[in-house]
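> Protein chains in written order, with my numbering: chain A, 1 to 378; chain B, 1 to 433.
Everything hinted at is true.
With the C-beta cut set under 8 angstroms, the calculated list includes, among others, these residues of chain A facing chain B: (1) H111; (2) P191; (3) F195; (4) V213.
So the derived label-pair ranges between C-beta atoms look like this: (5) M1(A) to Y420(B): 39 to 45 angstroms; (6) D235(A) to I407(B): 47 to 53 angstroms; (7) G307(A) to K181(B): 52 to 58 angstroms; (8) K203(A) to G414(B): 21 to 27 angstroms; (9) S85(A) to K181(B): 50 to 56 angstroms.
For the record, the hints were derived by calculation from the structure and aren't laboratory data.
By construction, the Cβ of each residue, glycine as well, lies at the ideal position given by its N, Cα and C atoms.
Each chain is listed here by its residues.
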Amino acid sequence: MIIAFYRQANPEWKKYLKEFKNYLEQKVSSGAGSALDFSVKQIWLPELNRVDRCISCHLGYDQPNMAEAPEPFRSHPEIKPHSISKMGCTLCHGGQGFALKKKDAHGEIKHWAEPLLGKSMAKKYVFKNENILIQINCNICHRRDEETSGMEMINLAKKLLTQKKKCQTCHIINGQGRKLAPDLTFIGDKPAERFDFSQIKNKLLKNGRPLSVLSWHYEHFMNPKAVVPDSKMPDVKYSDEEAWALSVLMMSWRNVNLPVMLIPGGKKERPQFPEKRPEKGKADLADWGKELFESKSCSDCHTLGGGVEVGPDLKGITKTRDITWLKKMILNPEEMERIDPLAKKLYGQYSEAGMPNGDLTDEEAEAILKYIESVNKN
Amino acid sequence: MKEKLSRIWKGITWSWSPKSSREASESVVRNFWLHWFPSRISLRSMSWGYSFWLGTFAVCLFLILAATGLLLLFFYVPSVQNAYWSIKDLENVVVFGWLLRAQHRWAANLMVVTVFLHLVRVFFTAGYRGQRVWNWYIGIALLVVTLFLSFTGYILPWDQLAYWALTIGTGIASSLPLLGKSLRFVLVGGNVIGQSSLLRFFALHNFFLPAALFFLLALHMWRIRKDGGLACMDSLILETKSREIAVSPTKTYSLLGVTEGTTIQVATTEVLDDTNSVHSSPHLVRRVAVVFLLTTIITLFFALLSPSPLEEPANPFVTPIPAKAPWYFLWLQELIAITTIRIGKISISGGLIGGILVPAFLILLALLWPFLDRSPKEAIGVWLHKSRKKQNTVFIILSAAIILLIIVGVYLRGPYWNFYWPWRPWPKIPTLF
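Only chain A is shown next, with the shape it has when bound in the complex (with noise of 0.2 angstroms):
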């Protein structure tokens, strides 16, 4: 009974309120401590289904004068417009709100399967920025935004989204997309165990890798055949660096349930790729041409001399096929693929992966036809 009286009376969090005590009457002056109420401090959002008690030890959170302060003391960052008394702690950074111990709280214990996304998570993975992975968990919030300041690689995630191959070409996002490879829209929420690690578990201990789901996205977004041996994703060739910022990306799309207030621009129903459509201008047919098979996806599946990628390389194809055919795959694929006798074979000939329709127009569709026409000449 001594021994729990004595456990009950001397928890760990004391301490460090005892440490913060001594520190204020040093730093700051003789009965600074004297304020100081010797409980347990927490931020309580029933909203968030959240407690975080991390200031029960994190004691200088919100002054100011802590900003040289030794951890746990340390004041926190001001970053504007974010509250720590409506958002807390861990909707940011992970950890363990609930508890009361530091091994608890930083989540790096076994059965938590949030840990703390900080200094040495990021040294796991060897990360020089030790705050590249919590921009997973500020994404949450500003997932519908195009750009945020000081998420450099969701930001670059988010431009490699719309600028290199489209990942909806083949994937569902937010709605949009197609069925042919998996919904990533909650992407983020997917345990672990339903990941394959077969082809790479090997790999990953001997270069002493932590084997989780972030280390998987990147493998898969540097090499996706040599994960899912039997996948129709093309391999992009992304650098070190690009892979990373997908794979973060990936690990961010979580379904969280959000009160408005905490969502930025909240009010405003905003797409999250916004769709930019090549002008013609005074650009000559086939530089429009090339401009729209770009950005409409075309250049995702088809190459040109470059081999078959998911559908056919379409160098020498306006001399191989029928203008009109060629047209008419273009303007209208799901009704050709469903009559027309040579489109049904090519259907199944490629993986019966389908063409999309992308919604284009004669005009565009004969631009389209011009720039692969000049690349036969070239």
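Use these hints to put chain B onto chain A, whose structure you have.
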């Protein structure tokens, strides 16, 4: 003021020091301990080495479980959204919440062990013979209720361990022929495990099963008095009287030893004297208090040593690898795994064999054993009598098999229920980060 206090004190304690014969006889009726316990108790029954006081230990554990459980009841929330987090709060924030939970958990585990050891003791001392067969049946019922109390309590934290243990348990229930699907429906409260299941198990754990246990316990205690005390009384009577005492269906009580007769209840009072017995008050009452104190110390000791585990919140989309039942049911899970055989198109349902038929057979065996036992009366109330060698051997083999299966299930089964020696590491399971 002093007089008032003195009157109140006398009002509470009069039965311990009756002033007249009338008060003495009334005190037996009115005072709980004097009513429950006989006037005298044999030294043999009091000895630590006979019964090890396992039954009393089990009752004390139940009292500790009830006390800690009632306090936990103020904080635990039986909803699928909040159950897990209320346990987190109990562990981290509620004053002594960690201790309440740890003590509750240890008392539960120890109770399963103690009840089993108590059964072992009763078996080896042939304490189920003759009229004690009814108490043996009540004891079996108590064992089953204890196991279900433990199982229903296991489910309440609604973490991964709880959710999947419930999935496995209700899956086993569904393999019962004819009634299986309906039984699962009733246990789960529908077709899908969720809020209704949690509420049902909460109701079972907090009211119905403890009420059943309490009722059976009362019956168990009453039977001990009706049977003339523990089985060692039979051997004491035999030695003292060197003649058999038959049980009379009509004579069921002895009034403080003032009547004469040939029933066991009367015989025990005739046989007990200053050389072989002591007064229950104070000795038996004090001994029970000591056992209760010991129980409290032991449960507190274990509670302080090891923190209560809690896995991830329940997730129907993620099966833990491996998903294991609580340790006292692991022998069943092991049996199910062993008896689930697929040869080509023929598959044998392990759930039916291991989960239902084997335990049913064991319970049936236990119920029939008093009638299969052919040992002489001299074997009753005596440890490991030589005439019981064969049946003791069978019992030891069965118990050892169950214990071995539990050990294999706990320590030697890893992911995908593959066999792993304790020194062989399990394959690393991927995590999110």
